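So the sequences go chain by chain: A and B.
According to the working numbering, the first sequence is numbered sequentially starting from 26.
According to the working numbering, the second sequence is numbered sequentially starting from 26.
Keep in mind that a hint or two might mislead.
In silico SDA-like cross-links for lysine to any residue, where the CA-CA straight-line distance does not exceed 25 Å [claimed, not checked]:
{"#": "1", "chain 1": "B", "residue 1": "153", "chain 2": "A", "residue 2": "123"}
{"#": "2", "chain 1": "A", "residue 1": "148", "chain 2": "B", "residue 2": "77"}
{"#": "3", "chain 1": "A", "residue 1": "148", "chain 2": "B", "residue 2": "133"}
{"#": "4", "chain 1": "A", "residue 1": "31", "chain 2": "A", "residue 2": "282"}
{"#": "5", "chain 1": "A", "residue 1": "153", "chain 2": "B", "residue 2": "297"}
No wet-lab data here; the hints were simulated from the structure.
All of these numbers come straight from a predicted model, not from anything done at the bench.
Protein chains: 2
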Amino acid sequence: MIIDWKKIALEKYNEVKNHIYENKLNINLKVILVWNNPDSIRYIRQKEKWASFCNIWFELIHLEEETTQGKLVEIIEKLNNDSETTWYLVQSPLPRHIDIDEVIEKISPLKDVDGFHQENYWKLAIWKNSMKACTPFWIMELLDAYDIDPEWKNVTIIWRSNIVWKPLALMMINRGATVTVCNSKTKNLNYFTKTCDILISATWRPQMIKKDMIWEDSIVIDVWFTVLDGKIYGDCDFESITKNWNMITPVPWWVWPMTVAMIMKNLIRAYEIQN
Amino acid sequence: MIIDWKKIALEKYNEVKNHIYENKLNINLKVILVWNNPDSIRYIRQKEKWASFCNIWFELIHLEEETTQGKLVEIIEKLNNDSETTWYLVQSPLPRHIDIDEVIEKISPLKDVDGFHQENYWKLAIWKNSMKACTPFWIMELLDAYDIDPEWKNVTIIWRSNIVWKPLALMMINRGATVTVCNSKTKNLNYFTKTCDILISATWRPQMIKKDMIWEDSIVIDVWFTVLDGKIYGDCDFESITKNWNMITPVPWWVWPMTVAMIMKNLIRAYEIQN
Chain A
26 MIIDWKKIAL EKYNEVKNHI YENKLNINLK VILVWNNPDS IRYIRQKEKW ASFCNIWFEL
86 IHLEEETTQG KLVEIIEKLN NDSETTWYLV QSPLPRHIDI DEVIEKISPL KDVDGFHQEN
146 YWKLAIWKNS MKACTPFWIM ELLDAYDIDP EWKNVTIIWR SNIVWKPLAL MMINRGATVT
206 VCNSKTKNLN YFTKTCDILI SATWRPQMIK KDMIWEDSIV IDVWFTVLDG KIYGDCDFES
266 ITKNWNMITP VPWWVWPMTV AMIMKNLIRA YEIQN
Chain B
26 MIIDWKKIAL EKYNEVKNHI YENKLNINLK VILVWNNPDS IRYIRQKEKW ASFCNIWFEL
86 IHLEEETTQG KLVEIIEKLN NDSETTWYLV QSPLPRHIDI DEVIEKISPL KDVDGFHQEN
146 YWKLAIWKNS MKACTPFWIM ELLDAYDIDP EWKNVTIIWR SNIVWKPLAL MMINRGATVT
206 VCNSKTKNLN YFTKTCDILI SATWRPQMIK KDMIWEDSIV IDVWFTVLDG KIYGDCDFES
266 ITKNWNMITP VPWWVWPMTV AMIMKNLIRA YEIQN
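Bound conformation, chain A alone:
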């Protein structure tokens, strides 16, 4: 069975749109772009498109690639203090000369719709209401949409980044799952992929996960993609796995609408906290 996350994303957008309409909310979203890479621009276009769909006023703050750390922090502090700016985010990835951790530290936790700030990170860890890191957030919402309860389940996560996979592990632990986090130094990966109920992979290694590495009833969430010779590949060998009985997400181009939908959900949450 193929998980239809395009349909679920659309449901989420409609929820947000209706909420904004019914409560007559005046919400804006600013996106700071420093690094001019094509993927970031494509991603920002998605944010603009869906913000407009939800009646959220959108603005792009496009900075030069040479922008210094000091200048970026200055702009962030201005936005923190600007009552006209309800929420904003800094588009990652950032150029190499920028220290992303310092940037995240400077963002006001109340305006942090990406859910990256330490206060939101900590609240997510201890299971308090907060703005949630958007990728783990949509994974949980996707499972909820299919009535899949993580409790009593074995969950294997392949990867361990700060702003995505560690928060996902924490969310899964909070929901009662038994969670294993694997990385490039896992000595027996097959062992953990084969025995879990839910597998979430973001290795950037195209088609690394084959059918024989997965239990046939497992749920496979393939989060990232690699482009090779103009063709998009996920981490999982989709064709061979779908011939089996697993539930699987399609090649993850469509990760973006779900992530963007979660930004919109965080906007609503941020509005509730501030008003």
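For this one, chain A is given, so just place chain B on it according to the hints.
What follows is chain B alone, placed relative to chain A:
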């Protein structure tokens, strides 16, 4: 082989004592006690004893059990602003009418020698230098003292509390381990205990972990204890396991000196940050 953490704790105290002596540091530690339970008092006596050993000036702030949340927060804020108070901690557990998360939020991250504050939590998660939660901290130091590198190892943690086991999972992940966090809703616990290289247990269920649940070369760290009819039991059936070939910590009464040693190490770290 039995891990000699009494010896290692003593080494850590001597390190701290020498560091304070050589650098002529003037360090104090205050402990706020709200709940008058015998375990807390015994624990605080350990803190006092070892602070004195290291030449750290110690003060107990003993509050009434009926102290309100508001009053406790007021005292914390006073300590935050008091330049004479270098560091302090609030002894847990707290009475039921106190919201521990709010208390932690109020402690200045610079004076937080327990490593519980959100800033220290986040820095630990993203592997930046910080004051570290003391129980996970000593587990890492214990492994280091025996030259056991978590990289490439499978680590199983049984339990999932906010201030101890989630930070431990994050520290282990940062060090390259493949980490599984189990809880009371793990459907096949034996499976995860039997296949790991390092097992860390804090279930409070006396002697729950038997010899046949563990691989004979694994390292077993038994963190908590239960007192039954005046006798102390760990989570692990120590007798049967030590007859095997495993490395194991003894029945964990001696967890305290290690935890307290880590508070002292955090004090040194806190001093470096502030000066």
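Practice problem: Please name the hints from earlier in the document that this structure breaks, with their numbers sorted from lowest to highest. | Solution: 2, 5
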